[in-house]
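Construct the complete structure from the given sequences, taking the supplied hints into account.
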Amino acid sequence: MAGFEGFASRRQTDPALPPGQHLERGFPVLSAGPDPNIKVWELQVATETGQRSWSWDDFLALPQEDITTDIHCVTSWSKLGTHWRGVSVDTLFDGLKTEQRFAMARSYGGYTTNLPLEDLLGGKAWVMHTFEGRPLASEHGGPARLFVPHLYFWKSAKWLQGIQTMAVDRPGFWENYGYHNHGDPWKEERYA
Amino acid sequence: MSTDWRPAICVQGRPETLSSRSIRLKVDNLGPVVAGQHIDIRLTADDGYQAVRSYSLSATPRGGPGGTPLGNSEVEIAVEELPEGEVSPYLVEALAPGDPLEVRGPVGGWFVWHPTDSEPVQLIGGGSGVAPLVAILRARIASTSAVPMRLLYSVRAPDTVYFADELASYTTSPNITVDLAYTRVAPHGEARPPGRLTDRDIENFVQEPGSGIVYVCGPNSFVAAVTDLLLARGYDSAAIRTERFGGA
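Protein sequence lines, in the order shown, are assigned to chains G and Z. Numbering (the numbering used here) for the first sequence: 274 to 465. Numbering (the numbering used here) for the second sequence: 2 to 249.
Don't read these hints as lab results, they were simulated from the structure. Any given hint could be a false lead.
[Stated by the list, open to error] Take a look, some chain Z residues computed to stay more than 12 Å from chain G by CB distance:
| id | residue |
| --- | --- |
| 1 | GLN13 |
| 2 | GLU87 |
| 3 | SER170 |
| 4 | LEU198 |
[What the hints assert, rightly or not] If the Cβ cut is set under 10 Å, some of the chain Z residues that face chain G in the computed set are:
| id | residue |
| --- | --- |
| 5 | VAL12 |
| 6 | ALA46 |
| 7 | SER55 |
| 8 | ASP100 |
| 9 | VAL148 |
| 10 | THR228 |
| 11 | ASP229 |
| 12 | GLU244 |
Here a beta-carbon is modelled for each residue, glycine too, at the ideal position from N, C-alpha and C.
So, in structure tokens, the structure goes:
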């Protein structure tokens, strides 16, 4: 493709960046409304056969994992090598049986996002409470957010309240407003 | 498909402030456009390097400056030059009429206003965050809608006001109110002392809680502060829509 007169490249393309992404050193905040007012935090996971829930203390008593990974926002920024601490979604689903293949993540404040269960299980997703060694700030979804780093970051629901499996896939909040149903950054699954 | 990159050309650039300008683009096969949506812009350098950025639309094909229609398949964005920016200095200083670029979108279905929406609208913008709010005002003026719209616009100083003349002209439009709140330097005769928005401003310049939808757009710290003030004044969080830029 022909170059555009006058726009000179000023940065190297980093192979760690998915197509169309640029490197961000800050941490932009994207939310559809105000941060929710969470009075009593509780996390729930439910399938068609049962459910489990954790208080904040119960949640912190679960096995913890430290993850270093890149994150990719659909608005085209990526952060490389970010450090997180939290609980694997596998741990949360441990002991719950399900034949269902989809899940809806639901947040305090009403936000929702849908994911195939296979994108949440198998060491691919966590519920994180610590970012770069500090408690996760409210504007980034604190006290705890879903973390699915292999998908665009709108799937990593802030202020996570619960995960419910579903027999049939349904779109969540942004998926209803024109965003892609799946959201793989390497395939540029941005918009529907 | 809104996912496809489409060729576009710059039709016009107009200064907005000392460090920003409005850019009119003609986009091939531009689909339906709703006020409040954004587009992605892609620039390609001679060596193949590409850079993509998102910009809110400040004008839609039907609702251009003053509510008059733009040309067919045309939209406008307002770009603020960021000193360390990679794309904005090119868009503000170098891009000239006839220059090509690529556009994806428009996208977004949440921070938008449709002429069929019947609720009163309160717009609250900070700095360049006023752009999508002006698109909403322009769409309302271009339509047959008569819903009340009120804009509270927080800016540093008189010379940093985007769309200044047009916003001043809206004082004669029925059911449209524009209030400016200066944070650093206020013009002579301004009753409100310079400063960031306070609960008093929300009381004076924002519609009553429960009476419609509030759209808030600006830098993250601005949006966070304003939404806190709105919630403290009794607004339902479901009535508040936000669009933010910049880090925390």
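*Of the hints given before, which are not true for this structure?*
2, 5, 9
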